[in-house]
Amino acid sequence: MTSTIDTTGAKPSGEPDSRRGSSLLRAQVFLRGTDFTLIVIALVGFVVLASTTGGNLLTGGTLKAVFQYLAVPILVGLAQMSVLAVGQMNLSVGVLTGFTAMAAAWLMVRAGLPAPVAVIAAVLLGGAVGLANGLLVVLTRINGFIVTLATMTVIDGLRYGVNGTGTFQNYSSGLVSLGQGSILGVPNVFILAIAVAGAVAVFFRRAVLGRQLLASGGNPFAARLSGISNDRAIVVAHTLSGLLAGVAGIVVVALSGSVNASIGDDLLLPSFAAPIIGGVALTGGVVAVLGTCLAAFIVRLVDVAQAQYSIDRSWVDLIVGAVVLGAVLITQVRTGREGRRK
Amino acid sequence: MSAPTQESDAMVTTADPGVGTDAPRGLPFWANPRFGLLVVIVVLVIVFTSLRSSFLNTSLTLVPMQQDVSVFLVVGLAQLCVLSLGHMNLAVPRMAAISAFAMGWCYQHLSVPLWLGLLIGLVVGAAVGALAGWIITATGVNSFIVTLALDFALVGLVSLLYSHVGDGVAFPVHPAGMTALRNDTFSDYCAGNICGPPVPLIVPIALVAALLVAVLFRLARVGREMLMTGSNLRAARLSGIPTSRRIIQAHALSGALAALAGFLLAVNSGAFSADIGNSFLLPSFLGPVLGGTLLSGGAVSILGTVLGAALTEVIRTGLNLLNFSVQDLNIYIGLVLLVALSLDRVRHVLAERRGTRA
Numbered sequence: 001m002t003s004t005i006d007t008t009g010a011k012p013s014g015e016p017d018s019r020r021g022s023s024l025l026r027a028q029v030f031l032r033g034t035d036f037t038l039i040v041i042a043l044v045g046f047v048v049l050a051s052t053t054g055g056n057l058l059t060g061g062t063l064k065a066v067f068q069y070l071a072v073p074i075l076v077g078l079a080q081m082s083v084l085a086v087g088q089m090n091l092s093v094g095v096l097t098g099f100t101a102m103a104a105a106w107l108m109v110r111a112g113l114p115a116p117v118a119v120i121a122a123v124l125l126g127g128a129v130g131l132a133n134g135l136l137v138v139l140t141r142i143n144g145f146i147v148t149l150a151t152m153t154v155i156d157g158l159r160y161g162v163n164g165t166g167t168f169q170n171y172s173s174g175l176v177s178l179g180q181g182s183i184l185g186v187p188n189v190f191i192l193a194i195a196v197a198g199a200v201a202v203f204f205r206r207a208v209l210g211r212q213l214l215a216s217g218g219n220p221f222a223a224r225l226s227g228i229s230n231d232r233a234i235v236v237a238h239t240l241s242g243l244l245a246g247v248a249g250i251v252v253v254a255l256s257g258s259v260n261a262s263i264g265d266d267l268l269l270p271s272f273a274a275p276i277i278g279g280v281a282l283t284g285g286v287v288a289v290l291g292t293c294l295a296a297f298i299v300r301l302v303d304v305a306q307a308q309y310s311i312d313r314s315w316v317d318l319i320v321g322a323v324v325l326g327a328v329l330i331t332q333v334r335t336g337r338e339g340r341r342k
Numbered sequence: 343m344s345a346p347t348q349e350s351d352a353m354v355t356t357a358d359p360g361v362g363t364d365a366p367r368g369l370p371f372w373a374n375p376r377f378g379l380l381v382v383i384v385v386l387v388i389v390f391t392s393l394r395s396s397f398l399n400t401s402l403t404l405v406p407m408q409q410d411v412s413v414f415l416v417v418g419l420a421q422l423c424v425l426s427l428g429h430m431n432l433a434v435p436r437m438a439a440i441s442a443f444a445m446g447w448c449y450q451h452l453s454v455p456l457w458l459g460l461l462i463g464l465v466v467g468a469a470v471g472a473l474a475g476w477i478i479t480a481t482g483v484n485s486f487i488v489t490l491a492l493d494f495a496l497v498g499l500v501s502l503l504y505s506h507v508g509d510g511v512a513f514p515v516h517p518a519g520m521t522a523l524r525n526d527t528f529s530d531y532c533a534g535n536i537c538g539p540p541v542p543l544i545v546p547i548a549l550v551a552a553l554l555v556a557v558l559f560r561l562a563r564v565g566r567e568m569l570m571t572g573s574n575l576r577a578a579r580l581s582g583i584p585t586s587r588r589i590i591q592a593h594a595l596s597g598a599l600a601a602l603a604g605f606l607l608a609v610n611s612g613a614f615s616a617d618i619g620n621s622f623l624l625p626s627f628l629g630p631v632l633g634g635t636l637l638s639g640g641a642v643s644i645l646g647t648v649l650g651a652a653l654t655e656v657i658r659t660g661l662n663l664l665n666f667s668v669q670d671l672n673i674y675i676g677l678v679l680l681v682a683l684s685l686d687r688v689r690h691v692l693a694e695r696r697g698t699r700a
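Order-wise, the sequence lines are chains A and B.
If you count the first sequence from 1, position 84 lands on 84 in the working numbering, and the numbers rise without skipping.
If you count the second sequence from 1, position 74 lands on 416 in the working numbering, and the numbers rise without skipping.
In isolation and in its complexed conformation, chain B is listed as follows (with noise of 0.2 Å):
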């Protein structure tokens, strides 16, 4: 059982840009999407930074920025998930908004400790995610639809439970810990002399999502089983993987990653809100499209999505230093998106072409 899904590794691509599977074989090493993403931000970094010499500030600029990109890239990583399988998420934002709800409630109510509260949200974001997945593998109906309406329905539910059953439309409440996880960076603990790097607390709970769906999709054999679902459906229901079950666990998971990504954003903007997931359906396609997982299924890049949700950053606080407006921002990192997309499909024929000729 364990040798076909091992041999799909030319197909996989993951975490680690040095084992080289990713590439398929006679590519170039700078037909790797991620390595073009890489050289793309280094550039953007440069020239925003002799531009507008505030970009390198660590205080103005950098610990915003890594906050936000751990937001996103769990975003895309909830999004990842689905897109492993070949199905889409549109439920993201709502499924991040109603978690939200349930840990504001419970931090507000119930005074339940920093950690619980989280575990909470994560299990009613793996559970609404897990309804979708059973309505997607129950009727056969195409993802796209299924989580569409459950968008719809959820943007109702999650105002109506805001505007009935909490006070308004946020809970203020900060319970131990957050204040603490949202304000300080490793900077401030100090052992002796020495004190951390200038990097969020929150960063590491994102990079700890990223490598646990690493290895969940490089070495597990549940994570391989999906991409083998994604890949080809019949043929993993053939070689006796139980796909109904795959998919609705794919989707569990992208909930609960989008719960985690609303307990982010909440403790980065310092409260459990109905607006919390409103901005992420967008992201959650542009970190893994850009660092080149398929939407046809069968191939995820976690690499890819951290650069990619990186990128987007940078661009958008970038573009942020120059002055420019909210509404010219979303004119650029569309464009930039298109011409990301681009690039990449020419380098992809570029290659295609050199190997044939070699």
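Chain A on its own, in the form it takes in the complex (with noise of 0.2 Å):
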């Protein structure tokens, strides 16, 4: 079911996090929770393709590019995390990643302006694009979904309007190195992901504005009666969701070096697989940003193997599409369990 603004039904009320309660509950929780499925999952499957690769996964250049391009995937996550918080989507995730690569590298081939300040224009630039969905969610009361469906379209269009098909190279050059360095062996697209989804967990746990989210992704009815403000919640959701995807443009420019309008095809999918596998519900409330990120990691071990063994690339499709479906059944006979025992 998709969860539209004005729903006001009973919701399974989910719990975003139990923190009260013993350490040793917690542990109970935290072993029992989809985060340790996932590290373990992550872990063994790590090691499963590090072993028959022959160690060559763990060499210097493989173990890099494994993390330098698991970045954007990760950011793309968050993004698509941060509206389904709300209880919203965010179909305009993946070209809108695209839009902001391009209008980064057409501000500094085209308009001449420094690498900086190219960064943080494309960076507001996708935040207000997710404040323009915000908005018409709320002005029109039209669907989410659909409202982005629509932007889009429009986005898509937008992204070929820059360049046409054509590629945007040799920008800044110290960008470039930036994107593709790495400190003490951990690229610095990762530890800026890394950093992000950190700033992102902070923001859901720890702040008004993050709380309030939650609780009207959560019980929209309840948190209007508790004064919080629903439609706020829905556009700064979205433009959170803009930002993020507005900061994984910003790395596919400082990590590829070239950058054409067909960037961000392949990102929908994908943004919608890491919350899924992490735990996130589409109904709201829930955030998962660990969750998320490990979740990514899979997906990207996937497409790992798919290069180690040289496997027909329409395997990763197929695996990825059972290993969300495979979660989701996984999640939903625990809960099913859980609920049967209380």
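No wet-lab data here; the hints were simulated from the structure.
Note that beta-carbon positions come from the ideal geometry of N, C-alpha and C, so glycine has one too.
Treat the hints with care, as some may be off.
What the hints assert, rightly or not - Quick list of simulated restraints, FRET-style, between CB atoms:
hint, chain 1, residue 1, chain 2, residue 2, range
1, B, R563, A, A65, 31 to 41 Å
2, B, F528, A, N170, 42 to 52 Å
3, B, T400, A, S229, 50 to 60 Å
4, A, R206, B, H690, 37 to 47 Å
5, B, S586, A, I120, 51 to 61 Å
Two chains, two separate frames, one set of hints: put the complex together.
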């Protein structure tokens, strides 16, 4: 069922985090939680992959690439997660990433702006598009799915409008060397993605605004009665989603050294896969930053396996689809069992 | 049992605009979204014709337009079937693709006649749709996630099938009758001096599909029960409707219609190829949503879907004639969708306000 903004019916109230209780209880909750399952899967997958490729995965270059190209999936996953938190969807995440990447490159190549200015402008552009999404949803009262489906089409056109099918390259060499560089063997872009994930986690866990978003997503009716503006929550969530997509766009620009308008075509489905595998409910009220990052890592492992064994590219989609379904089924079975226990 | 289903008439919009059961009581006729769509289509046709007289050229514009509308109408119907439940089917594109593979394979290797291949394709589509429906009912997982994941899986499966079982990316096969279906219009068939109208042969196929879906949701008990299920699942279950079976049936029908759309597109483009269905996702929502079908379920409008599909095609063709690039086209189609939906909202608010004042 799609979550509409005026759905006030009884929703399964998600448990964002049960932080109250003894540390023992907390440990038990953790061991039974999605995050723990994902950590085990990620570790097992990594070890199996590393050993079956004869240690090839652990050589410097390969290992670095694994994490370098993990940054964008994490960021778009978080962008989708932010709107899922209020029970919305953002179908424009993928094309928006491509659009901001093209805009940043255009600002540097054509407008001749220095890299820092272009980077900030592109992130703000992402935020502005997200804000527009949110305002459209709130003002027209049209289902967020349809609004972002429409804006996805518009942004898709804008993305190609920047430079047609042409490629931008040779922009800021400083930005590219920063994007491809690493500190102590850890790629810079991966550090950036983790830092952003940390900020998002703090926002939803500690900030009043973040808690209000979750309250609004979990039960809009109760949130309204407690004086929280559901409209504002929706606008904020979409803006945050746009900002994160903007950051993802910047990472693409910094990482690849050349960008064209096809960027973002293959990001929409992963943007849903990461949060959903990570344990975020489509009905809203739940976020799982760690789960989203771990799920993005697992999806990345499938990608790496494809490259390492030189399997047909099509298997990746097939496997990821199966993993998403499997993850959802497991969650469903577990909640069913816990419900019975209570 | 039949009494409560009949009473939900006010909720259920239907193929016939003249019946008047579709507008909520007290709303003026112009609050009907179908009426607005018709006005917009007429206005746009006048505008485009005055800008480019070739817009009404039969062979250049009108015939291809009818072919495209037929495909998008069936695509919209595929989505509409699950929207009636309040579900979504994001796998419409890939259900069309895998059915097109099945059809192409049968034509190529088994040399089956055209109709039998189509039937096989419909069965494959229905089976995949039923699988989606079964997963949804068996697990209670949101249809969005299930069909999204299914789409993921089918993307991989379809290209694997084409590269391993098929040869490359397409079946270059032309079973008997396919070329005629593609190129001919009824004006090519004459009885004496009287020839048919310049309507492509695939148009009746799409119209029959629309009519059957309309009859299903309007008159058939199964269809009424699907709408009841979409409007209130618990109430439907408590009144003895086998809701799980209805959900599976609606998804199976969606898959079969997606297969039909894939067939029509293959006929139009002349080959059963791997990229069939790629462009289906947006149109599948455009038609029904513009036509006033609710995403929340319980109400469908087949006539609205026809008009919605026609409107999108008019815009696309018109902008094409005005030399807009494909990318600009996307911008405008997206904007039109937003404007149309916002206007719909405005109209509704105005109508309600007038209704309360009166």
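Taking the hints in turn, this is what the structure says about them:
1. B:R563 to A:A65: 31 to 41 Å: violated (59 Å)
2. B:F528 to A:N170: 42 to 52 Å: violated (58 Å)
3. B:T400 to A:S229: 50 to 60 Å: For S229 of chain A against T400 of chain B, whose Cβ atoms are near 55 Å apart, the range 50 to 60 Å holds.
4. A:R206 to B:H690: 37 to 47 Å: Once the Cβ atoms are compared, 41 Å apart, the range 37 to 47 Å for H690 of chain B and R206 of chain A holds.
5. B:S586 to A:I120: 51 to 61 Å: holds (53 Å)
Checked against the numbered hints given earlier, the structure breaks hints 1, 2 and satisfies all the rest.
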